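Chemist: As a plain string of letters, each chain reads:
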Amino acid sequence: EAGVTQFPSHSVIEKGQTVTLRCDPISGHDNLYWYRRVMGKEIKFLLHFVKESKQDESGMPNNRFLAERTGGTYSTLKVQPAELEDSGVYFCASSQDQGTQYFGPGTRLLVL
Amino acid sequence: GENVEQHPSTLSVQEGDSAVIKCTYSDSASNYFPWYKQELGKRPQLIIDIRSNVGEKKDQRIAVTLNKTAKHFSLHITETQPEDSAVYFCAASLRLPPWALGTSYGKLTFGQGTILTVHP
Numbered sequence: 001e002a003g004v005t006q007f008p009s010h011s012v013i014e015k016g017q018t019v020t021l022r023c024d025p026i027s028g029h030d031n032l033y034w035y036r037r038v039m040g041k042e043i044k045f046l047l048h049f050v051k052e053s054k055q056d057e058s059g060m061p062n063n064r065f066l067a068e069r070t071g072g073t074y075s076t077l078k079v080q081p082a083e084l085e086d087s088g089v090y091f092c093a094s095s096q097d098q099g100t101q102y103f104g105p106g107t108r109l110l111v112l
Numbered sequence: 001g002e003n004v005e006q007h008p009s010t011l012s013v014q015e016g017d018s019a020v021i022k023c024t025y026s027d028s029a030s031n032y033f034p035w036y037k038q039e040l041g042k043r044p045q046l047i048i049d050i051r052s053n054v055g056e057k058k059d060q061r062i063a064v065t066l067n068k069t070a071k072h073f074s075l076h077i078t079e080t081q082p083e084d085s086a087v088y089f090c091a092a093s094l095r096l097p098p099w100a101l102g103t104s105y106g107k108l109t110f111g112q113g114t115i116l117t118v119h120p
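Chains as they are written, first to last, in our numbering: chain A, 1 to 112; chain B, 1 to 120.
Do not take every clue at face value.
Claimed, not checked - Cβ-to-Cβ under 8 Å is the rule here; a few derived chain A residues that face chain B:
(1) G16
(2) S53
(3) P81
(4) F103
Said to hold, decoys possible - In silico EDC-like links for lysine to aspartate or glutamate, alpha-carbon gap of 20 Å or less:
(5) B:K42 <-> A:E42
(6) A:K44 <-> B:E39
(7) A:K44 <-> B:E5
(8) A:K41 <-> B:D59
If you are wondering where the hints come from, they were derived from the structure by calculation, not from laboratory data.
This one's a predicted model, so the numbers in the text were calculated from it and none came from an experiment.
Even for Gly, the Cβ is constructed at its ideal location relative to N, Cα and C.
Please model the entire structure based on the sequences and the hints provided.
Modeler: So, in structure tokens, the structure goes:
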């Protein structure tokens with residue numbers, strides 16, 4: 001069974017540009033989470049989808065971040081416009097019901 | 001909201017020694033506590049977890065203990081090996097029964113991470 005995949009693995013953009021991250025969860029997992037780790041700090045929760053619905057978006061830092069999960073399969077996280085402090089590693093995780101969360105390899109975002 | 005503190009931030013041991021990492025949490029409602037291991041350049045992977053109705057759980061060289069009253073839990077690794085070197089994260093979460101699913105459940109609140117180095 002394929003694990004959680006994320007694309008791209010790395011992204012380097014200029015401040016003010018737009019970046020879109022993609023996450024493909026494990027097939028059949030209704031729950032999809034986005035997390036972020038900034039500069040060696042803790043991994044922080046961003047939001048939680050159940051199928052296509054946003055169950056909890058309390059961790060989204062501001063309205064420059066937009067997450068979608070149309071059709072309840074893969075999800076995208078768009079940052080527009082990107083700021084320097086958005087640099088970090090963005091992780092996606094998925095789970096079946098409230099089971100173990102399986103993490104993707106992450107997208108390393110660098111905003112210059 | 002939940003807050004998780006993890007100590008130490010770095011831990012260096014000799015191969016064969018034991019390693020202990022400690023975490024405290026603030027929200028007494030949290031009832032699920034997983035530990036993730038992240039090797040360099042790889043994804044975080046679950047190594048062990050414990051629910052609040054259990055005080056201790058063991059899996060080969062790894063064990064986790066939970067003290068609900070004091071709101072702290074610990075990871076114990078015995079007979080450490082160089083391949084145990086990684087960053088370890090503790091986390092706390094709230095799992096709800098299906099009939100009580102509300103607006104916020106399932107999200108993991110992580111500690112700051114511990115860089116464990118096992119010297120051969």
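Chemist: All the hints need checking, so say for each whether the structure fits it.
Modeler: A quick look at each hint next to the structure:
no.	hint	result
1	G16	29 Å, violated
2	S53	11 Å, violated
3	P81	27 Å, violated
4	F103	5 Å, holds
5	B:K42 <-> A:E42	16 Å, holds
6	A:K44 <-> B:E39	18 Å, holds
7	A:K44 <-> B:E5	13 Å, holds
8	A:K41 <-> B:D59	28 Å, violated
Of the numbered hints given earlier, the model fails hints 1, 2, 3 and 8; all others are met.
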